[in-house]
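Assemble the whole structure, with the sequences as input and the hints as a guide.
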Amino acid sequence: MLLSRVADSLYWISRYLERAEHTARLVDGAVDLRLGRQSTSGAIERLYGSLGLPPAAVEGQIASFADAAYFDASNRNSVIACITAARENARQVREEISSDMWQQLNGLFLRLKQMRADKSRVARTHFVSRVVIEGVHLFQGITDATMAHGEGWQYLQAGRFIERAGSTAALLDLFLSDTSDPAEMPTPLDQVEWVALLRSCSALEAYCRHYTADVRSERVAEFLLLNAEFPRSVRFAASATESALLAMAQHSGRRPGGRPERLAGRLHASLDYAQVDEILGDNPHAYLTGISRQCAQIHAALYQTYIAYPIESALSA
Amino acid sequence: MPADPRFANYDLGPAFDEMFDTVGEARPQYRALLDDLLACTPQDLRARQAEADKAFLAQGITFTVYGDDQGTERIFPFDLLPRIITRNEWATLERGLTQRLTAINLFLKDVYHEGRILSEGVVPRDLVYSCRHYRREMRGVHVHRDIYVSIAGTDLVRLEDGRFVVLEDNLRVPSGVSYMLANREVTKRVFPGLFNRYNVKPIAHYGQALLATLRSLAPPNAADPTFVVLSPGVGNSAYFEHAFLAREMGVALVEGRDLLVHDTIVYMRTTSGLRRVDVIYRRVDDDFIDPLAFRADSFLGVPGLLNAYRAGNVSLSNAIGTGVADDKAIYAYIPAIIRFYLSEEPILQNVDTYLLAEQADRDYVLDHLDSLVVKAVGESGGYGMLIGPQSTAKERDHFRDLIMADPRNFIAQPTLALSRAACFVDDRIEPRHVDLRPYVLYGDKVTIAPGGLTRVALRKGSLVVNSSQGGGSKDTWVLLD
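Note that the protein sequences, when read in sequence, are chains A and B.
Start counting the first sequence at 1; every next residue gets the next number (our numbering).
Start counting the second sequence at 318; every next residue gets the next number (our numbering).
Quick caveat, the hints were computed from the structure, so don't treat them as lab data.
One or more hints might be untrue.
[Said to hold, decoys possible] What the simulated footprint calls covered on chain B by chain A, stretch by stretch (three residues with Cβ under 8 Å from a Cβ of chain A suffice, anywhere in the stretch; the number is not a length):
1) 567-574
2) 580-588
[Claimed, not checked] Taking CB as the label site, the calculated pair distances span:
3) 620/B x 276/A: 51 to 59 Å
4) 787/B x 229/A: 53 to 61 Å
5) 706/B x 1/A: 49 to 57 Å
6) 453/B x 297/A: 46 to 54 Å
7) 114/A x 521/B: 28 to 36 Å
8) 192/A x 363/B: 49 to 57 Å
9) 505/B x 114/A: 24 to 32 Å
10) 349/B x 253/A: 20 to 28 Å
Fair warning: this is a prediction, and the values are worked out from it, not measured in the lab.
All residues carry an ideal CB built from backbone N, CA and C; glycine is no exception.
See below:
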């Protein structure tokens, strides 16, 4: 038995944590890229843009940019905003999660607040990224180790992987799509920038093991989009989302084949059989925004089925 | 008094001292504690205090301070040194509390049904009907097993002569029991050796006892009842406790928005659809519990809950309308209530109380405002109080006006010298005023968690122990031998 409100909070805890981790990775990648080179063909701007930061922050120093991405509470995607929101959701469902999970999340929140007050933090952006990424990983590990893998846990899984599928697709879109003025020749990204993208997804090592260190755009796209085994790929995330939704249907005593799991299954299957050359040759932007749209549909279906269903339909059932 | 510099500030005032007798000898039950304390270095005690504070913060055992925009959470200050109650002292308290709550439940049933005690003039009818927490809606409503108050948190204080007396009956939604349990856990962690030297009655089964009490309230037709804890939500100062108790009992913690009433049946909204609810341990006040019946502007309640309750389809703990018995003016009549229903003498005494609605009492109180404590009858949490000896002339004038405007709303009591317990303050051991709130569960049987919450007025000389007003707490040990 799981309250709809509690399911909602669990789902958002891991969505927000996934988002915080994603932001921390992007900042780390962008800073790394900036330090390595004087001028680039726009990858940094693309990374910055994906964080929803105003242009002023992009113009400024690396440090202040990173600072805004981490600690500007008015930016909904900033790390501190996401961790605060995750903690707020966790606070609402203290009785559903293990004490260890709460203590880890609360500790991460307090640590970030402490860092925000510490003046020397701006010089240590990589350090802040590590704290966030490790903090989120630890939370996930503690979750898997201390919480029953029951219905509530499936909402944590779903939140994490729906968010991941959407954000990885959006990030790829920024790198693959030509969003510049059509009159100008698009500047192709160079290898260093593709490496930065892989790094932002913690995918560099896994990529090299799979394809060797020969980094090419279509391979990067294939790896991040269609690899079945790498946990940050879109396909992997879609598969995990589908599993979570199937388990939810079972836990709640519903017949399988409901809208949420059908939508997730369709996304998963389409990725299972997709060809990267066709996607890139056709219209990668349309394909990737299509994935984001499907993620939004899965989210909506999950809400209509389990969380915000009409009372009349529940009474007649 | 030990010849240790840390005790240099320990003066034995007129108040009863929990640790030392009048000549400064440690009471027998405190000797082992004192030995251990003297053997600890100041650094050691500081380290233990830090460890305890950290444990509270990390577990999120915090409360929210009202009127603070940031919604800042603070830990409830915890004093390291336990307060010790002997077996005999506890036996008297247990009997006294059981007697008192038994009479109170009979009184509530009577007041909301035939009103015998009112017809016989033992308690003035006007006083009951003018009580802010009297609920007309409960007239003639059958309450399962006639248990109105199943959970009480009675405030006791100890007077100069060492007697425990009742200061307040908290019969609506008493809070603080989670601190009692957390204090014990932390004390065991920071003083394992000391704890082991004493034979302390355990309290860890409180969750099971609470669940058993709720079970005894379940409507008779509910074969496998579903229990919930109803909380106003995360913004409430006691939210931590609501979550804690739900977890201790293994039941759902719900908010008003999780529940709905259809055809006088209460349901909660779950991922598997709607599920029927049979017993609600509600931590929402009467005023807010059903916007259709009481305050229409409440977002915390469940529309239609009162109707479901009247239909007998759901049980509430505590019942609606119990506040009439913890009104501070009715309080003055509790000894008479005990005699009336039980034909027994009260085991626990009241504090002398002046009812300002009565002419003679009022004249006396208005002449002696500087030596009395004046309280608003429907308030709790240390709000709406005038402590005469610590008040300014302006405050007294203000209260004089308030009293004249609505005398029924006030009572006065002598300023009590609450007993004092040894506390660890700024590296020294100093006495501070304390009270005691035992938690009484009233179901099939009466269960009182041994001890309760000892609240401490941590500001030197202060008599106000409420957490909202600079109070803290300490662990309370009841000895088995």
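Hint check results:
1. 567-574: holds (count 5)
2. 580-588: Coverage by chain A holds here, the residue count being 4 at a Cβ distance below 8 Å.
3. 620/B x 276/A: 51 to 59 Å: 55 Å, holds
4. 787/B x 229/A: 53 to 61 Å: Cβ of residue 787/B to Cβ of residue 229/A: about 59 Å, so the range 53 to 61 Å holds.
5. 706/B x 1/A: 49 to 57 Å: 55 Å, holds
6. 453/B x 297/A: 46 to 54 Å: 52 Å, holds
7. 114/A x 521/B: 28 to 36 Å: 34 Å, holds
8. 192/A x 363/B: 49 to 57 Å: 54 Å Cβ-Cβ, so the 49 to 57 Å window holds.
9. 505/B x 114/A: 24 to 32 Å: Taking Cβ atoms as reference, residue 505/B and residue 114/A lie about 29 Å apart, which means the hint holds.
10. 349/B x 253/A: 20 to 28 Å: 57 Å, violated
Going through the hint list in order, the structure does not satisfy hint 10, though it satisfies all others.
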